[in-house]
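There are 8 protein chains.
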Amino acid sequence: MKKPMEQMKRECLVIGNLANLDVERESATGVPEVILARGKNAEDLCILAEKLLEKKGHVIITKAKAEHFEAIDQKIDAEKKFNKKAGVAVLKKGKIEKDKIGRVAIFAAGTADIPVAEEARIVLEEFGCEAVTGYDIGVAGMHRVFPSIERASDEDVDVIIVVAGMEGTLASVVKSMVDVPVIGVPTSIGYGYGGEGTSALMSMLQSCSPGITVVNIDNGFGAASAAYLICKRISENKGEPHA
Amino acid sequence: MKKPMEQMKRECLVIGNLANLDVERESATGVPEVILARGKNAEDLCILAEKLLEKKGHVIITKAKAEHFEAIDQKIDAEKKFNKKAGVAVLKKGKIEKDKIGRVAIFAAGTADIPVAEEARIVLEEFGCEAVTGYDIGVAGMHRVFPSIERASDEDVDVIIVVAGMEGTLASVVKSMVDVPVIGVPTSIGYGYGGEGTSALMSMLQSCSPGITVVNIDNGFGAASAAYLICKRISENKGEPHA
Amino acid sequence: MKKPMEQMKRECLVIGNLANLDVERESATGVPEVILARGKNAEDLCILAEKLLEKKGHVIITKAKAEHFEAIDQKIDAEKKFNKKAGVAVLKKGKIEKDKIGRVAIFAAGTADIPVAEEARIVLEEFGCEAVTGYDIGVAGMHRVFPSIERASDEDVDVIIVVAGMEGTLASVVKSMVDVPVIGVPTSIGYGYGGEGTSALMSMLQSCSPGITVVNIDNGFGAASAAYLICKRISENKGEPHA
Amino acid sequence: MKKPMEQMKRECLVIGNLANLDVERESATGVPEVILARGKNAEDLCILAEKLLEKKGHVIITKAKAEHFEAIDQKIDAEKKFNKKAGVAVLKKGKIEKDKIGRVAIFAAGTADIPVAEEARIVLEEFGCEAVTGYDIGVAGMHRVFPSIERASDEDVDVIIVVAGMEGTLASVVKSMVDVPVIGVPTSIGYGYGGEGTSALMSMLQSCSPGITVVNIDNGFGAASAAYLICKRISENKGEPHA
Amino acid sequence: MKKPMEQMKRECLVIGNLANLDVERESATGVPEVILARGKNAEDLCILAEKLLEKKGHVIITKAKAEHFEAIDQKIDAEKKFNKKAGVAVLKKGKIEKDKIGRVAIFAAGTADIPVAEEARIVLEEFGCEAVTGYDIGVAGMHRVFPSIERASDEDVDVIIVVAGMEGTLASVVKSMVDVPVIGVPTSIGYGYGGEGTSALMSMLQSCSPGITVVNIDNGFGAASAAYLICKRISENKGEPHA
Amino acid sequence: MKKPMEQMKRECLVIGNLANLDVERESATGVPEVILARGKNAEDLCILAEKLLEKKGHVIITKAKAEHFEAIDQKIDAEKKFNKKAGVAVLKKGKIEKDKIGRVAIFAAGTADIPVAEEARIVLEEFGCEAVTGYDIGVAGMHRVFPSIERASDEDVDVIIVVAGMEGTLASVVKSMVDVPVIGVPTSIGYGYGGEGTSALMSMLQSCSPGITVVNIDNGFGAASAAYLICKRISENKGEPHA
Amino acid sequence: MKKPMEQMKRECLVIGNLANLDVERESATGVPEVILARGKNAEDLCILAEKLLEKKGHVIITKAKAEHFEAIDQKIDAEKKFNKKAGVAVLKKGKIEKDKIGRVAIFAAGTADIPVAEEARIVLEEFGCEAVTGYDIGVAGMHRVFPSIERASDEDVDVIIVVAGMEGTLASVVKSMVDVPVIGVPTSIGYGYGGEGTSALMSMLQSCSPGITVVNIDNGFGAASAAYLICKRISENKGEPHA
Amino acid sequence: MKKPMEQMKRECLVIGNLANLDVERESATGVPEVILARGKNAEDLCILAEKLLEKKGHVIITKAKAEHFEAIDQKIDAEKKFNKKAGVAVLKKGKIEKDKIGRVAIFAAGTADIPVAEEARIVLEEFGCEAVTGYDIGVAGMHRVFPSIERASDEDVDVIIVVAGMEGTLASVVKSMVDVPVIGVPTSIGYGYGGEGTSALMSMLQSCSPGITVVNIDNGFGAASAAYLICKRISENKGEPHA
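Chains as they are written, first to last, in the numbering used here: chain A, 1 to 243; chain B, 244 to 486; chain C, 487 to 729; chain D, 730 to 972; chain E, 973 to 1215; chain F, 1216 to 1458; chain G, 1459 to 1701; chain H, 1702 to 1944.
For the record, the hints were derived by calculation from the structure and aren't laboratory data.
Treat each hint with caution, since some may be false.
A short list of chain E residues far from chain D (calculated; beta carbon distances all over 12 angstroms) [said to hold, decoys possible]:
(1) Glu-978
(2) Glu-998
(3) Ile-1048
(4) Glu-1122
(5) Arg-1123
(6) Asp-1126
(7) Gly-1137
(8) Glu-1139
(9) Thr-1141
Stretch-level coverage of chain E by chain F, calculated; a stretch enters the list once three of its residues show a Cβ under 8 angstroms from a Cβ in chain F [said to hold, decoys possible]:
(10) 1013-1023
(11) 1149-1161
The beta carbon of each residue, even a glycine, is placed where N, CA and C say it ideally should be.
Please build the complete structure, drawing on both the sequences and the hints.
And the structure:
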């Protein structure tokens, strides 16, 4: 870890009165700067993306909508990968080498939760982790969860991300059978009382299964970042105990 | 990880019509069974504690109140350690050996957040982790946070637990300067609009600093469990990458 | 069913300016009048209980507290059965004959949910149903739920009542494995965000497992009443299809 | 009921990374798998519907919108029945025989509640129940409820589903005059404070009339499923009491 | 009505730094100044009561608790009437003459709602209205409401106050059968979701029966004040239409 | 008032499975049946309007949107009056005679509150009341309220309706200067915390000025109905006191 | 300050039944009348703007949308300045002289918060204050805040406005390092639990850093008004202490 | 203002593992460190108070309860001033000289709001401001507010603090007549819907009167701090405009 007082001098990429890109974020906080498209218009987004691409050669954009994809497609010159269901765009210039650092299982309770799960998967893969997915395995058909847990176990994953809307039960059920950290991502799938992710978020926070931590509703990127930091820490470990 | 279908045969310690203690929980889920005193009367608590003590030789009780401590003190014959501020009792019979597995920093924003931080600390230490604490370092006096982060960095901690009530700002601020996972524990300290932990919980879930995950309000034990699982995974790693 | 317009002439037992006891409720609505102690002082409760006892010979009181039990004990002359954990008092005068009408399983997720489960059990038994219980079988130790479901299946129960606080997950999990109606009773056990039963109620209402219906938080009596009506309807059926 | 541990081997129809259709759900949980259109795009919906149709010959789709109906209409080759107000599509291939199993009354408080009531009606009829409807009978004109209750009584229904938005009062009023179970379905009809179904849901959960259970807002399908399970249980009963 | 600008010179009875009693309130706003005990300590309450008593000869105190009644009993020299269930104290010095001005029916849904209904009744009677009561007539036994409405009709009441907790249904049901204004008073009686009066308040605000207006939870005094103003206006009318 | 049990036989105008129009509502409840357009599609609305028009010769439709106005304009043959800002359509066939019965002041706090105020005004005028309006007189410019109150006083109004969004303060301020009943209508005008009418509704329910009652957010029709019932009662009074 | 009773005669500019413009507001309350476009249609807005322009020669319009800008552009004849991102239009006729009165720093946490910050900036500049801006300096990159605070200090600002969405942490952090009043403006930027400004508002209200006051979500104009009043008061001060 | 980076070296008074007192807070942030008793036990409070007293000679404690006052009284040796209604204790050692810096009016709407107003008054006076109070002047008797505003005007106050519970209307009304900044303090006085300060807080945040800023519910100290910073800034001003 960098000394905190020294970090106070981290470089900024000032883009007019629009943004102060924190280009040393990765070395300081472990997580690369990723651009959140939500709340930005397509024009501003492209300006930020281009500047960051120039500086870093590798840009991840999350929560992008049709208008963002269109603008990026037209205005930015780079190698591009779009996953429109997940709302993620990946832009690259030149060759990016990433060490493989860990393996993460990503489970989605229902078909409608897949976009958020995919957001997490892509981010993790761009960060250098391997992803093992198990989708549509919610507890309405409890038996479907076993093979996915078994596969996660066989693959010896470091962390499991559980993406679930509605009652959000899957996180508790999974954690009751695994001995690795579980990160819950409630989704805004749901309806009526407890809809928009409220029930799923509560459910995960109230869980009786210790070892679950939670990110905010639909925050696939946040879960991926936390999982990545855990993997990174694991991969850095030399195996000897702390003095 | 144990095969999930085999876990469905995990042994239970049936205590009348009162409880089904899940005595194989540790081997299956990585986290030992801990007894939550909240919602249980002192008499029932003692019955559960005694049975578990008999079986395991080591019992941790959280969220205990005066009446619980008193009953344990009178009725249970064991080596006992009480931390009444934190609401934690530790009971032991015979010699318990634990490997040291990792190091966790625990920060508390204000004096009133210390009980929850201490709950996390004791649980972690009983689980075999080392704890590094930094208390009353909230952002009203921002400068106080730097030495604690520096110390966490020097001690090369694996995870940081940030315990904070009121506006819950400390988690975001800490995460912006560290490259390890941060687990936020909002506390019920606060008042008026956003009191009882609501503001702190929201703040941590809304954080702009990626890499924070959160447990429910005042859940020091939950944060400790998740931190412990991360440490355990790190300590188990042989240093070689996944195939 | 009685003609609705005729029911508009149902007899009332007028008790001063205090109450209008609906003494024909059972024949009209299928469910006997039961006295809710909550919100009534001990003195008024005893007056109502005595009048109803006189009229019916059999009185069930729910949500009673210490002061209510004490007053009943002192002031009312009848055969009395108290279950203080469940807050239920049963008073009888003379011989009450009830047909056995059906069998209901009652599951409780945690030790702290037992009082509400017991409220349901006693009410059901007083109404004439058989009860099959399975307590402390929540999903933190998933394997514990199987034997209870198996027993419910062996006993060929007509309905299952699932009592659960915290994340309230048990109802969904149980329903995914049974082909009888499940009635969920969220309990006020829980803490922080989603506490006081909110999370459990939401979870049950959001359930992906079709066939669950829900009563309000801690309403063991309500669940028992609905289960009883189902059993009654089943027991009345002669086996021939509707014309 | 099937043994729960055996159910853990229930067959799944895996559809790429999109879905794990639980094709043995009916035999295990009593309720056939029905496809929820909400949250799915039209293309994915058609894939799922076609696969299920192939397997089962009979598919019910709920909460469908214009785009879903259009896609189904164009892409799926089957006998189709659409009820666009209710958002329900029924697809059949070949001859489906269903036993008649019970009779359910469905009441709707206002004209705006009819779509949800119709969702319940169609699902019930597809499941094999008879439906008796009484619409626009809310308590603003109390007298309108009597003929509907009378008809339900004459038809000897097994269960009554009450669909109501606004203050949701109808459920309590109906239950006060009938001796069969009542399932309340609050609807999102309403406005201002308590709108979007909140008031109706609360009202039904707070009801003073015992014997009401509730499903989530607008969940006509959920109410139909629960009512169907009750009817099924009744129709299976041979009339002799449990041993 | 007094000219508003002139009212800006209404006399105040200044009591140290404690209160500015608005002694001309009755002539200006139609409603006499009444002292709310809630939020005041017993000592301050007595000072205010005594000053007002001196000035007006007639004081009504609402929401008084045991400690307030005790202090009034000991410290104030006047003719006193206490209704402890309703939390109302009435103090008089000398002879108070009030014209009879109208008749109000007060209905309470359940036994637990009676204290609030009684608060309204006493205030109305002190203001000079006649009160007609009908208690414990909630819709769980619908038939009980008819005789009370009939009596209100026979007595030709000007307004009906409906006091109800739980689902608060009674207000809608009553209004559907009467042609006078109905004022709803939700009470804090209730539990779980929608408890503390929330459900009752929503229910009354969402009512489909036009002609209901509402006051805040447990505000018997507020309902009485509004009913009184209506009665007063009616009694002042000379029968001739407005020009 | 009609005897309540006789009302249970009130005539209904059954319109297929769509509606049960309560055509005797006016004589029974004092308020004519008015059609709420919200939640109905244009086609159904026109069917209901036409049937009611045929029966009564006079139809009021509230909360109509562009599509409703258009459909009414094209499909219904009658004398029509549209106020699109207020969302009200009035349809007449033949000559409708209404007695003038009372006078109501309608105040609106801001320009944005005028549509709801106009809804109330039109309904009142159609019911036969005179309306006195004072718009944009909110407390940000306190002085603007005086002339309106003065005018209401000069016109000797029977009731004042106060329509206000944002902080909803106007109701309290007006009531502090008038001796007639005040009916508050919170509007959904507002933003951020307390927006969508929440703050205005709370403010009116919490008011320190006794004599205010409240209807739900934006419910201009509800306020008009209650005001009309008060006026009707006043106009019916012969001036002699109740026996 | 003007005598309050005299203010009750403040002039109004009556615009039909549409508005009562409070044209003396500035001299009375210190803040000029500004027109809020939200909730007004474009036509009405232009009428108000034109009348006020005529009277004052200087009009500020906030929260304008595309349709408002278009209408102003076409219908109003004046010198116009539009900032569409900020939703602000400034109209002038003739020469407006304003004294410079104070200096205010405006900080925005993220790029998405800039529109609200710009609303505050333009309003302040139109009122005669100097503005010093620092944008995209949120705590995810803590180091970015130091240069902005330093600049505010160098420029000797009188007040700092902090505009922040998400967790709203920036206000607390800034206030912990400055000795001038800080006004927090939470923005509706955010998502999931605590979204739409809730978390940011709570965070600022719960702040441990004394000296922060808050306006409602997105209320850039409100913050500017308060900051302006502080500056005005400072600039009016002659330096001598109060007698 | 001190340079922010230099502030990062502000001195701390470390008190075991209990607190890091920020003893340079006043010079850095303008507001002296004040001890909040809420959430601290009496013993810890006394330790903190004593250490701070030793260092500074002047300690203010807010939100103290009986047990805190008692402990301070017994354990701390200093000149003490207690205001138990306001929950404030002031401790001094030796002579403290404070410059008089400004004048603040403090208004309280009702008698029950006085404790919070007094908290603000005492803090302000200890900080060196003059306070002008006007209590029990809420809008139920609107006329009472004029003399207080007039007095504030005569005294030429720099800021007005308005303390109000219930509907919180007073802040808007006052601001509509004054040209100085107004700081609103909602109080937890209130009941039912909008109680515990919610309505008052919303009301102040929604205010149509620009120039109001708000602190959290019951936060008299926070309002005093902000008012003090404004006064301090005013008193420091030399009268010449910024360059």
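Hint check results:
1. Look at Glu-978(E): its CB is around 37 angstroms from the nearest CB on chain D, clear of 12 angstroms, so calling it non-interface holds up.
2. For Glu-998(E), the requirement that its beta carbon stay farther than 12 angstroms from each beta carbon of chain D is met, with the minimum near 32 angstroms.
3. Every Cβ of chain D is farther than 12 angstroms from the Cβ of Ile-1048(E); the closest lies at roughly 40 angstroms, confirming the non-interface assignment.
4. For Glu-1122(E), the requirement that its beta carbon stay farther than 12 angstroms from each beta carbon of chain D is met, with the minimum near 14 angstroms.
5. For Arg-1123(E), the requirement that its beta carbon stay farther than 12 angstroms from each beta carbon of chain D is met, with the minimum near 18 angstroms.
6. Chain D leaves Asp-1126(E) outside its interface by the beta-carbon criterion, the shortest separation being 20 angstroms against a cut-off of 12 angstroms.
7. Distance check on Gly-1137(E): its Cβ comes as close as 8 angstroms (rounded) to a Cβ of chain D, failing to clear the 12 angstroms threshold; non-interface status is violated.
8. With a least CB separation of 4 angstroms from chain D, Glu-1139(E) falls inside the 12 angstroms interface cut-off, contrary to its annotation.
9. The non-interface label for Thr-1141(E) is inconsistent with chain D: the shortest C-beta to C-beta separation is roughly 4 angstroms, within 12 angstroms.
10. Closer than 8 angstroms: that is the beta-carbon criterion, and the stretch 1013-1023 of chain E has 0 residues meeting it against chain F, so the requirement of 3 is violated.
11. Here the stretch 1149-1161 of chain E counts 6 residues with a CB under 8 angstroms from a CB of chain F, which clears the bar of 3, and the coverage holds.
Violated hints for the displayed structure, listed by number in ascending order: 7, 8, 9 and 10.
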